[in-house]
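**Q** Spelled out, the chains give:
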Amino acid sequence: MQLKGKKVIIIGERDGIQGPAIEACVRSAGAEPVLVQTQCFV
Amino acid sequence: MVRKAVDEFGKADLVAILGSPDADSAELYAETLVHGDPSWLGPLAGVALDLPVYHIMEPEIKDQIDPALRKEHLELFEIALDVDKIEEGLNRVRGRGRA
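Which chain is which? The protein sequence lines are A and B, in order.
Residue numbering for the first sequence follows my numbering, starting at 6 and increasing by one per position.
Residue numbering for the second sequence follows my numbering, starting at 48 and increasing by one per position.
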């Protein structure tokens, strides 16, 4: 899956990799985040 | 909110990226995003979005990220997460094909 040019739905998790971190990463790969969430189950 | 994004942008260029800390939660998210909510409780119950779903730590995705950002945001998780198991769970969902 080539991320460049894709629109990305990001579902991060507080105890894993959080939404904003994934957002920064996928932007660097040329993708456009359209939804960024960080789930928390506490 | 995911459904709203799909309605707004269409499925053609959409991909979902997960940051779950373990294989079970990654598989559950993937199942929901591909085949619909298996618990039949949430807004995606019975809604098969059939989105391509990946975990940010899967090599196929991780290798496309700028090395400096990868080091800053993901390096720690290379030790903490069982990426092989996460990938195994996602492959199970992806391998089931279209609902």
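Treat the hints as calculated values from the structure; they're not laboratory data.
Where a beta carbon is used, it is the ideal one built from N, C-alpha and C, also for glycine.
Certain hints may be false.
Capping the alpha-carbon separation at 20 Å, the derived lysine to aspartate or glutamate pairs in EDC-like fashion look like this [claimed, not checked]: (1) A:K12 x B:E135; (2) A:K9 x B:D110; (3) B:K109 x A:E37; (4) A:K9 x B:D71; (5) A:K11 x B:E125; (6) A:K11 x B:E135; (7) B:K109 x B:E55; (8) A:K9 x B:E107; (9) A:K9 x B:E105; (10) B:K51 x A:D20; (11) A:K12 x B:D69; (12) B:K132 x A:E28; (13) A:K9 x A:E28; (14) B:K58 x A:E37; (15) A:K9 x B:E78; (16) A:K11 x B:D54.
Covered stretches of chain A, as calculated for chain B (at least 3 residues, CB under 8 Å) [what the hints assert, rightly or not]: (17) 16–28; (18) 37–44.
Label-pair distances were calculated between CB atoms; the ranges are [said to hold, decoys possible]: (19) A:G35 x B:P85: 17 to 25 Å; (20) A:K9 x B:L88: 20 to 28 Å; (21) B:L88 x A:R32: 28 to 36 Å; (22) B:L116 x A:M6: 29 to 37 Å; (23) B:E119 x A:G35: 30 to 38 Å; (24) B:D110 x A:V47: 14 to 22 Å; (25) B:A59 x A:V47: 35 to 43 Å; (26) B:W87 x A:R32: 31 to 39 Å; (27) A:G35 x B:G93: 31 to 39 Å; (28) B:P90 x A:C45: 14 to 22 Å; (29) B:P114 x A:M6: 18 to 26 Å; (30) A:R32 x B:G57: 27 to 35 Å.
**Q** So, for every hint listed, does it hold in this structure?
**A** Outcome of the hint check:
Restraint check: the Cα-Cα separation between K12 of chain A and E135 of chain B comes to about 24 Å, which exceeds 20 Å; the hinted pair is violated. For the proposed pair K9 of chain A and D110 of chain B, the alpha carbon gap of about 12 Å is at most 20 Å, so the pair holds. Proposed proximity of K109 of chain B and E37 of chain A is supported: the alpha carbons are some 16 Å apart, at most 20 Å. Distance check on the hinted pair: K9 of chain A and D71 of chain B sit about 28 Å apart at the alpha-carbon level, beyond 20 Å; violated.
Note on K11 of chain A and E125 of chain B: the hinted pairing is violated, with a Cα-Cα distance of about 25 Å set against a maximum of 20 Å. Pair hint K11 of chain A plus E135 of chain B does not hold up; C-alpha atoms about 24 Å apart against a cutoff of 20 Å. Proposed proximity of K109 of chain B and E55 of chain B is contradicted: the alpha carbons are some 27 Å apart, above 20 Å. For the given pair, K9 of chain A sits about 13 Å from E107 of chain B by alpha-carbon distance, which is consistent with the 20 Å threshold.
The straight-line distance between the Cα atoms of K9 of chain A and E105 of chain B is roughly 16 Å, inside the 20 Å bound, and the hint therefore holds. Of the supplied pair hints, the one linking K51 of chain B and D20 of chain A is violated, its CA atoms being roughly 26 Å apart against a limit of 20 Å. Among the hinted pairs, K12 of chain A with D69 of chain B is inconsistent with the structure: their alpha-carbon atoms are about 24 Å apart, more than 20 Å. A threshold of 20 Å between alpha carbons decides the hint, and for K132 of chain B with E28 of chain A the separation of about 23 Å lies outside it, so the pair is violated.
Simply put, K9 of chain A and E28 of chain A have alpha-carbon atoms about 13 Å apart, close enough for the 20 Å limit, and the pair holds. Using a Cα cut-off of 20 Å, the hinted pair K58 of chain B and E37 of chain A holds, with the two alpha carbons roughly 14 Å apart. Simply put, K9 of chain A and E78 of chain B have alpha-carbon atoms about 24 Å apart, too far for the 20 Å limit, and the pair is violated. Proximity of K11 of chain A to D54 of chain B is assessed by CA-CA distance (about 16 Å); at most 20 Å being required, the pair is judged to hold.
Counting residues of the region 16–28 of chain A whose C-beta lies closer than 8 Å to any C-beta of chain B gives 10; at least three are required, and the coverage claim holds. Evaluation of the coverage hint for the region 37–44 of chain A: fulfilled, as 4 residues show C-beta separations to chain B shorter than 8 Å, against a requirement of three. The hinted window of 17 to 25 Å between G35 of chain A and P85 of chain B is violated, with their beta carbons roughly 33 Å apart. Restraint check, K9 of chain A to L88 of chain B: a C-beta distance of roughly 36 Å breaks the suggested window 20 to 28 Å.
Distance hint check for L88 of chain B and R32 of chain A: the Cβ-Cβ separation is about 33 Å, which falls inside the suggested range of 28 to 36 Å. Judged by the Cβ atoms, the range 29 to 37 Å given for L116 of chain B and M6 of chain A is violated: they are separated by roughly 18 Å. At roughly 18 Å, the beta-carbon separation of E119 of chain B and G35 of chain A lies outside the given 30 to 38 Å, and the hint is violated. Between D110 of chain B and V47 of chain A the CB atoms are about 32 Å apart, so this pair departs from the stated range of 14 to 22 Å.
Remark: the range hint 35 to 43 Å for A59 of chain B to V47 of chain A is upheld by a beta-carbon distance near 36 Å. Restraint check, W87 of chain B to R32 of chain A: a C-beta distance of roughly 35 Å satisfies the suggested window 31 to 39 Å. Look at G35 of chain A against G93 of chain B: about 34 Å separates their beta carbons, and that is inside 31 to 39 Å. The given range of 14 to 22 Å is respected by P90 of chain B and C45 of chain A, whose C-beta atoms sit roughly 18 Å from each other.
Distance hint check for P114 of chain B and M6 of chain A: the Cβ-Cβ separation is about 19 Å, which falls inside the suggested range of 18 to 26 Å. One distance hint, 27 to 35 Å for the beta-carbon pair R32 of chain A and G57 of chain B, is violated here, with the actual separation near 21 Å.
Checked against the numbered hints above, the structure violates hints 1, 4, 5, 6, 7, 10, 11, 12, 15, 19, 20, 22, 23, 24 and 30; every other hint is satisfied.
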